[in-house]
Amino acid sequence: MRVVIAEDQALLREGIVALLREHDVDVVAQAEDGPGLLRIIAGHKPDLAIVDVRLPPTFTDEGVRASIEARSRHPGVGILILSQYVEPVYTAELLATGEGGIGYLLKERAGDVPAFLDAVRRVAAGGTALDREVVAELVHTRSADSDRALDPLSPREREVLGLMAEGRTNAGIARAMVVTHGGVEKHISNIFSKLDLPAGDDDHRRVLAVLAFLRATGSA
Amino acid sequence: MHADDLHAPIPQGVAGAPAGPALERVAPRVGWGAAMALETAVSALLAFAATLVWALTGSGYFWPMWVWLGLALPLAMQAAVRRALREPAGRRRGLAVHGAVAAVMASLEVLVWLMSGLGYFWPIWPVLGFSVALATHAWVVLRLAPGGREEELVERVDVLTRTRRGALDVQAAELRRIERDLHDGAQARLVALSMHLGRAEERLSDNPEAADLVRQARGEASAAIAELRDLSRGISPPVLADRGLAAAVEALGRRAAIPVTVDVELDRRPLPVIETAAYFVVAEALTNVAKHAGGAAARVAVRMHADDLVVQVADDGPGGADPAGGGLSGLRHRVEALDGELAVASPAGRGTTIRAELPCVS
Chain A
0 MRVVIAEDQA LLREGIVALL REHDVDVVAQ AEDGPGLLRI IAGHKPDLAI VDVRLPPTFT
60 DEGVRASIEA RSRHPGVGIL ILSQYVEPVY TAELLATGEG GIGYLLKERA GDVPAFLDAV
120 RRVAAGGTAL DREVVAELVH TRSADSDRAL DPLSPREREV LGLMAEGRTN AGIARAMVVT
180 HGGVEKHISN IFSKLDLPAG DDDHRRVLAV LAFLRATGSA
Chain B
0 MHADDLHAPI PQGVAGAPAG PALERVAPRV GWGAAMALET AVSALLAFAA TLVWALTGSG
60 YFWPMWVWLG LALPLAMQAA VRRALREPAG RRRGLAVHGA VAAVMASLEV LVWLMSGLGY
120 FWPIWPVLGF SVALATHAWV VLRLAPGGRE EELVERVDVL TRTRRGALDV QAAELRRIER
180 DLHDGAQARL VALSMHLGRA EERLSDNPEA ADLVRQARGE ASAAIAELRD LSRGISPPVL
240 ADRGLAAAVE ALGRRAAIPV TVDVELDRRP LPVIETAAYF VVAEALTNVA KHAGGAAARV
300 AVRMHADDLV VQVADDGPGG ADPAGGGLSG LRHRVEALDG ELAVASPAGR GTTIRAELPC
360 VS
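Chains A and B are the protein sequences, given in the same order. Per numbering that gives the first Met the number 0, residue 0 is the first one in the first sequence, and the count goes up by one each step. Per numbering that gives the first Met the number 0, residue 0 is the first one in the second sequence, and the count goes up by one each step.
For the record, the hints were derived by calculation from the structure and aren't laboratory data. One or more hints might be untrue.
Unchecked claim - Just so you have them, the derived chain B footprint on chain A, three or more residues with Cβ under 8 Å: (1) 36-44; (2) 55-61; (3) 83-95.
By construction, the Cβ of each residue, glycine as well, lies at the ideal position given by its N, Cα and C atoms.
Working from the sequences, and respecting the hints, build out all of it.
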């Protein structure tokens, strides 16, 4: 797996690079600002770009805007945003750039190395990884009328869908909800059929389900 | 005189000390009152002397009264002008001085008429002239131009408005700087710490106890990061600086614990200080709705009305909010500091509406 990183704070950039290299992730290039990110993506054609939201020159949401630009030029590249704050509006904008290959995590999640590496691999492979804080903000707030698409789902199934949006595996969902693996699979197949998702590759259906979830919660 | 002499201490208690620069400095400090007293005394003495001369030269026509008049005139003039100068500086002071001089001159004319044996009352003409001049002056000062005092106040209000606005702008910029410093400083270091701890934890797989300690340390670091994040958001929410009021208010609506519909229409970005105030009005109002309106939905609307940014948050809760309550009065202070107005309508049983109007032209 080939990865590029855009992060202006050397301390954090070096930390992430060291962590990834220890686990045989190939960090092929690094950038410190938005234009630099676009250059290294064009030059190295990586599987994944790990991007900080706040980058020079503007120090606002430069990272998000550069990522959206990168996705329109190179649709295949996965984008994993690492930020010190969660903003569902940024998540929504990124998800609108195409199906899957999008992640948005708080930076400190990198401290949980196995989970972080899992998220990196998943997003590089076209999956999603949303921080539980992003998902929490999306889930608990919506008014009745914007929730209609998810109406057929039971509360339990919605919970499963929220955990899927975070990017958890079936085993992870089972652990979080204290149910058996088989229970989770049953919930998931119910979700797929209630949301009318076409049969086929399970990973793809997962992404579609998460997108349906985000759309229903007014974020994508 | 050498420049240093100006700062030399005044010699004290040195009898017979040579009169140096220090003494020269002290000398002119004779007060106006003392000068007047001296002048009055000298005048009285001269008047007495003149009267004495008149008495000694065999009386006759009482000419010393003209000496008296001559001596009294400067004294009266000085006293009257001095009194007029007590008015604060400005046009009104000018008018007062004019009035004082005119009054003294008129009195003089009348006295001269009295002393010269009455007859045709000729002083009517000069007195009439003084009156017309004074009346015209008074009319100009009081009617046409704002009075000196008012002019001064207008200027003062101007200066205060400008400096208060400046202070608020500086404060808003300062808060954004603090947020950025936290982001790039303490928060970033804690994140780096958290990553290092994570890597250490991995290497301790053969020592579960140590690994557990490191995991706990990482948990503490994460909690500290989360607290700093909440603090930062309370100081200056990043999305407000990044994307402006519309996005920030939408994020607030999404984050609220109640259903919120958000309707923002802005054709331009207000100044940061106005944006921040509007943001915190919405944030506080939504917190209040979540706390007191029993789960009722809220509607947020933000619009430009002429040159005012109008922010309105309404709910269908039970109403009866106390406009003097802590949160609302804090908001009122914030809005009023920007010359805005905050209105709270909360009739019992008919919901609560909070409306803030923030002028966007300074």
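Violated constraints from the hint list, given by number and in increasing order: 1
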